[in-house]
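Peer 1: Just so we're aligned, residue -18 is where the sequence shown starts under the working numbering, counting upward by one.
Just so you know, these hints were derived from the structure itself, not from any lab.
Some hints here could point you the wrong way.
To be verified - Derived pair list, reagent style EDC-like, types lysine to aspartate or glutamate, alpha-carbon separation capped at 20 Å: (1) K71 - E13; (2) K71 - E54; (3) K75 - E(-2); (4) K75 - E19; (5) K17 - E54; (6) K71 - E98; (7) K71 - D40; (8) K17 - D76; (9) K17 - E74; (10) K17 - E98; (11) K71 - E19; (12) K71 - E8; (13) K17 - D52; (14) K17 - E85; (15) K75 - D40.
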Amino acid sequence: MIFVACAGNIAKAQNPEFTVNWTSYCELQSAESYYKVEWALIYIPTQSVIRQGTSPIIDLTTSTFSNEILDWECYIDDVPLNYIWVVIVKRYEKDNVTVSCAGEARSSYLRCSDLYEGVTLSVNMTYP
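Could you put the whole structure together from the sequences, leaning on the hints where they help?
Peer 2: The structure is reproduced here in structure tokens:
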């Protein structure tokens, strides 16, 4: 029984992670359009951005993106609700500049341990 309990702990996420799912409520202008997700992990007490980034190009047939934060950790037993995920999903037209559809989501305030369990955010995209 002890081995089974230990094996369960090993399988748990080792790094903070999030997943974003989106639904576009905008008309598609071009089949050459694509999505990008901009994200940030913010430490609430100081409003500091701990990590941020942008996804690679995501094709139109995909409506989800997951990301894991490497080389960062927090005190997992920390009780205060100190963190928040912010994500912005944008659909770019083939000119690589025009944003034809966008949406944003923010997580609720999270404990460090919540980050390691994984957070899922939902975005409803509309015209910017």
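Peer 1: Now, for every hint given, state plainly whether the structure supports it.
Peer 2: Tested hints:
no., hint, verdict
1, K71 - E13, "14 Å, holds"
2, K71 - E54, "28 Å, violated"
3, K75 - E(-2), "30 Å, violated"
4, K75 - E19, "18 Å, holds"
5, K17 - E54, "26 Å, violated"
6, K71 - E98, "26 Å, violated"
7, K71 - D40, "12 Å, holds"
8, K17 - D76, "14 Å, holds"
9, K17 - E74, "11 Å, holds"
10, K17 - E98, "24 Å, violated"
11, K71 - E19, "8 Å, holds"
12, K71 - E8, "13 Å, holds"
13, K17 - D52, "23 Å, violated"
14, K17 - E85, "12 Å, holds"
15, K75 - D40, "12 Å, holds"
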